[in-house]
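Engineer: Generate the whole structure from the sequences, applying the supplied hints.
Quick mapping for you: the protein sequence lines, in order, are chains A and B. Quick note on the working numbering: the first sequence kicks off at 1 and runs consecutively. Quick note on the working numbering: the second sequence kicks off at 1 and runs consecutively.
Honestly, the hints are just simulated from the structure, not real lab data. For every residue, glycine included, the Cβ atom is placed at its ideal position computed from N, Cα and C. There's no promise every hint is true.
Here are the simulated lysine to any residue pairs, SDA-like style, with alpha carbons at most 20 Å apart [claimed, not checked]: (1) A/107 <-> B/186; (2) A/77 <-> A/99; (3) B/228 <-> B/183; (4) B/263 <-> A/223; (5) A/103 <-> B/279; (6) A/222 <-> B/279; (7) B/186 <-> A/152.
Heads up, incomplete: computed chain A residues facing chain B, CB under 7 Å, no partners named [what the hints assert, rightly or not]: (8) 130; (9) 135; (10) 146; (11) 149; (12) 179; (13) 182; (14) 187; (15) 188; (16) 216; (17) 217; (18) 220; (19) 229; (20) 233; (21) 251; (22) 256.
Letter by letter, the chains look like this.
2 protein chains.
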Amino acid sequence: MLKNFQELKKLVLKRPKKIVAVSCANDWHTLEAVFKAHEDGLLDYILVGDENKIREIAHEHGIDNFSGSVINCTDEKESAEITVRLVRDGKADFLQKGLMQTKTILKAVLNKEYGIPTGNLMSNVALLEIPGYHKIVGVTDGGMIMYPTYEQKEGMIKNAVRMFNYMGYDKPKVAAICALEIVNPKMPETVDAANLKAACERGELGECYVEGPISTDIAFKKEAAEIKGFDSPVAGDADIVLVPNISAGNMMVKGMLLFGGAKMAGVVMGAKCPIALNSRSATFEEKYYALVACCLISDIIK
Amino acid sequence: MLKNFQELKKLVLKRPKKIVAVSCANDWHTLEAVFKAHEDGLLDYILVGDENKIREIAHEHGIDNFSGSVINCTDEKESAEITVRLVRDGKADFLQKGLMQTKTILKAVLNKEYGIPTGNLMSNVALLEIPGYHKIVGVTDGGMIMYPTYEQKEGMIKNAVRMFNYMGYDKPKVAAICALEIVNPKMPETVDAANLKAACERGELGECYVEGPISTDIAFKKEAAEIKGFDSPVAGDADIVLVPNISAGNMMVKGMLLFGGAKMAGVVMGAKCPIALNSRSATFEEKYYALVACCLISDIIK
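Structural biologist: Okay, structure coming up:
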């Protein structure tokens with residue numbers, strides 16, 4: 001069990017150093033996160049992007065020399081292709097999205113000629129450190145998949161479980177949360193949640209426990225489970241939360257960031273390497289922790 | 001602008017005292033909230049339910065005499081009917097749901113013979129006091145309407161706006177939040193949000209400002225709006241938040257209650273009086289604040 005991002009970082013330091021390829025690195029928060037992660041001994045890096053701008057931005061922040069290499073490229077699409085090729089050729093372990101559109105990097109990752117697809121679904125996992133919760137929790141998917149089908153939910157669980165297995169969890173606890181903890185045929189997500197639980201019991205979703213439908217309060221709080229008479233190993237102890245749609249995940253995560261003092265690391269799973277992917281307005285800290293998380297899980301596929 | 005529930009309470013004390021009719025009052029948290037609100041001078045009450053059980057529960061908590069009247073009734077459906085008739089006959093100002101199913105009280109409210117419908121949509125508004133936000137915010141609807149249509153969203157906004165108008169707001173600010181702040185035709189809620197904004201500008205949604213689509217961070221935080229270049233009177237200052245579906249509202253609200261130190265008052269709007277309606281596992285405090293809120297808005301329709 002990982003209590004917080006500090007513990008995650010300690011785990012990274014015990015493993016071989018990774019190399020990140022940064023696409024469109026001409027953004028200060030992105031550079032700041034990469035430089036700090038390098039300084040902390042977590043990773044080496046290759047910056048891809050407009051070299052003049054990169055050096056200018058670094059200079060503005062008092063940094064005139066840095067150890068990582070820079071590949072000059074002023075085109076967004078080309079920058080994505082270069083970073084993806086670096087991973088495919090074994091010169092980098094994972095990707096980070098810089099100042100660019102998400103769809104550009106995802107298209108490059110899935111490219112048939114030079115891409116790094118696995119055939120699995122690509123999905124977003126937001127790792128959260130929440131002061132009121134006793135451990136890190138992964139929320140999937142508040143960022144990429146809008147209205148997941150049942151099959152996509154299976155893929156989302158598999159991706160998140162693989163991530164947590166790699167973080168040292170033998171059997172992560174997955175809560176397929178809904179607005180209520182009872183199957184209601186008028187609410188398809190409750191039916192899906194019950195079916196996902198059954199699929200997990202048949203061993204179809206990898207090494208994990210899935211509980212569902214389960215409400216948010218029961219997933220996070222044992223007392224709520226006791227009051228409602230809900231008995232499950234997942235109750236009050238969820239590692240992974242599967243949300244029924246992008247709005248639910250997005251609003252829950254943002255609520256926790258805005259008002260719960262939570263910290264986030266956004267990672268895209270499903271390709272041959274993880275992608276550190278945050279919104280363009282993300283803080284330095286969010287970008288840093290996304291790098292830390294990716295260092296830990298970037299040799300899943302190899 | 002009401003900063004918190006204490007301010008809401010002060011406002012109630014300035015207005016004529018209200019009478020609540022409690023359906024299935026045989027529940028300690030419900031009684032506790034009613035007794036406390038009475039003691040605080042906010043309301044008088046009529047308890048409907050199993051009289052023996054009500055007196056027994058009160059006795060167990062050291063209360064053997066109370067001023068309010070009790071109407072003995074051991075049947076859930078009948079209890080709902082009696083409370084609704086009390087409001088229709090002008091003997092009570094609003095309803096509180098006790099230990100019973102939500103659908104039973106809603107059916108009684110909508111009954112064609114003795115009910116108190118208005119022809120408007122019935123919807124849930126969760127008033128929240130969040131330590132990190134500068135004022136009370138209403139979230140609609142994380143409790144009743146599962147997948148609202150565009151027309152239902154109009155009704156939800158009108159109900160919440162009417163509530164805030166009555167709380168002293170001339171033009172409450174409504175954020176039609178989505179996972180992103182741009183219209184994406186593949187995401188119908190973003191299209192709805194833009195159309196709701198336009199409907200508001202045409203004066204079709206009552207006295208309010210509607211902004212949408214708008215992301216959660218922009219709705220609650222001015223800094224986020226500035227970074228993203230989003231200019232709107234609603235940015236960072238939302239009074240009412242319209243969520244695209246029940247899961248989104250439910251998970252956002254529960255996240256804030258669990259990890260943001262928020263307090264909630266659940267109210268159902270749309271009938272001739274408001275209904276104080278919380279989940280059966282709600283705390284005393286939630287039930288108390290729902291009563292306070294209803295005292296303030298219970299002569300909307302009369």
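Engineer: Where does the structure disagree with the numbered hints, that is, which hint numbers, in rising order?
Structural biologist: 5, 9, 11, 13, 15, 19 and 20
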